[in-house]
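Engineer: Sequence:
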Amino acid sequence: ENAQVGYRLYLDWRNAIDIFGKKTDAMVLPQVGQDGFDSYHEMAPWGMDILKAGKSLGIGSYGRFMNDSVAKFTNVEKTHAQISNSDARSDVEITYSGWTTGTDTTDLVSTLSIFPEDRFTKVKLKPSTLLEGLTTGIVKFEDIDLVQKQSEAGNWGYIATYGAQTLVDDEDQLGMAIFYMVGEVEEIKEGPHDHLVIFKASQEPVTYYFLAAWEQELNGLKTSEEFFTDLDSKLETLEESGRLE
Numbered sequence: 001e002n003a004q005v006g007y008r009l010y011l012d013w014r015n016a017i018d019i020f021g022k023k024t025d026a027m028v029l030p031q032v033g034q035d036g037f038d039s040y041h042e043m044a045p046w047g048m049d050i051l052k053a054g055k056s057l058g059i060g061s062y063g064r065f066m067n068d069s070v071a072k073f074t075n076v077e078k079t080h081a082q083i084s085n086s087d088a089r090s091d092v093e094i095t096y097s098g099w100t101t102g103t104d105t106t107d108l109v110s111t112l113s114i115f116p117e118d119r120f121t122k123v124k125l126k127p128s129t130l131l132e133g134l135t136t137g138i139v140k141f142e143d144i145d146l147v148q149k150q151s152e153a154g155n156w157g158y159i160a161t162y163g164a165q166t167l168v169d170d171e172d173q174l175g176m177a178i179f180y181m182v183g184e185v186e187e188i189k190e191g192p193h194d195h196l197v198i199f200k201a202s203q204e205p206v207t208y209y210f211l212a213a214w215e216q217e218l219n220g221l222k223t224s225e226e227f228f229t230d231l232d233s234k235l236e237t238l239e240e241s242g243r244l245e
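With my numbering, the residue at position 95 of the sequence shown is 95, and numbering never jumps.
The set of hints was computed from the structure by calculation and includes no laboratory data. Any given hint could turn out to be false.
[Claimed, not checked] As a list, the in silico BS3-like pairs of lysine-lysine whose alpha-carbon atoms are at most 27 Å apart:
(1) Lys126 - Lys78
(2) Lys189 - Lys200
(3) Lys52 - Lys222
(4) Lys23 - Lys52
(5) Lys222 - Lys126
(6) Lys23 - Lys234
(7) Lys200 - Lys78
(8) Lys200 - Lys55
(9) Lys124 - Lys52
(10) Lys200 - Lys126
(11) Lys52 - Lys122
(12) Lys234 - Lys122
(13) Lys140 - Lys23
(14) Lys149 - Lys78
(15) Lys126 - Lys23
(16) Lys189 - Lys126
(17) Lys234 - Lys189
(18) Lys222 - Lys140
(19) Lys78 - Lys124
(20) Lys149 - Lys189
(21) Lys234 - Lys222
(22) Lys140 - Lys126
(23) Lys189 - Lys52
(24) Lys222 - Lys122
(25) Lys200 - Lys140
(26) Lys200 - Lys234
(27) Lys189 - Lys124
Build out the structure end to end from the sequences listed, making use of the hints.
Structural biologist: Dropping the structure here:
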């Protein structure tokens, strides 16, 4: 969580990430859900859980694309999460030991980093073996088009969606995006539940960013035009410096 947005990772076999839309810049998540109920699914002065992940990756989570579907974390020997906080960033490092998908077993280390300002989270994935099909994605919604764009030099790209894709009502607007290094990606593909970014087989770390922008956010991006202007600005920054933070 930061001043603009909060994200929740389901640290079980689903491993999906959903979005807590915020109408305040205060830190609220330590108090959310502490009343013993799922009241965060109802609008509160601070905001609410706005994304239904369902069977998808939600936004920016990861798995392995194989047999025309995304294999998640059903078969893992051990999962260990470590949190570190500083003035510059907050990190969650997750080690999935003995992650088995199909006939392959690997260890995967995931590092998710959020920063004091802006809406994005940085993700670094490091498999211990050469792994085909490592993927991330954005949940699909009916009648919401996927937008794809690459920087002029072609080193970075994004996929994004914008429209009525929240749990609030049929008019509530949300933008979601994933920024990726073009050279690390095998293909952009439609999965059963997600728009997928599938990475090339590699034992080297892959890095990407995911982002959510809700129209009810305090001082947020209120329109599709504002959302995509922000994405294009970030794409230029990535092309120039290779990083957003």
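Engineer: Hint check: Lys189 vs Lys124, CA-CA at most 27 Å. Holds or violated?
Structural biologist: holds, 21 Å
Engineer: Measure nothing beyond the straight line between the CA atoms of Lys126 and Lys78; if it is 27 Å or shorter, mark the hint as holding.
Structural biologist: Status holds; Cα separation ~16 Å.
Engineer: Take the C-alpha atoms of Lys222 and Lys126, compute the straight-line distance between them, and say whether it is at most 27 Å.
Structural biologist: Judged against 27 Å, a Cα distance of about 36 Å means the pair is violated.
Engineer: CA of Lys52 to CA of Lys222, is that 27 Å or under?
Structural biologist: holds, 21 Å
Engineer: Please verify whether Lys234 and Lys189 have alpha carbons no more than 27 Å apart.
Structural biologist: holds, 23 Å
Engineer: With a cut-off of 27 Å on the C-alpha distance, tell me whether Lys189 and Lys52 pass.
Structural biologist: The hint holds at about 21 Å.
Engineer: Does Lys222 lie within 27 Å of Lys234 when you go C-alpha to C-alpha?
Structural biologist: Roughly 17 Å between the alpha carbons, so the hint for Lys234 and Lys222 holds.
Engineer: Would the hint linking Lys149 and Lys189 be met if the CA-CA limit is 27 Å?
Structural biologist: holds, 14 Å
Engineer: With the threshold set at 27 Å, check whether the alpha-carbon distance from Lys23 to Lys234 stays at or below it.
Structural biologist: At roughly 23 Å apart (the allowed maximum being 27 Å), Lys234 and Lys23 satisfy the hint.
Engineer: Does Lys23 lie within 27 Å of Lys140 when you go C-alpha to C-alpha?
Structural biologist: holds, 25 Å
Engineer: Run the distance test for Lys189 versus Lys126: straight-line Cα separation, threshold 27 Å.
Structural biologist: holds, 22 Å
Engineer: Does Lys189 pair with Lys200 here, judged by a C-alpha cut-off of 27 Å?
Structural biologist: holds, 13 Å
The structure shown violates the earlier hints numbered 5, 14 and 15.
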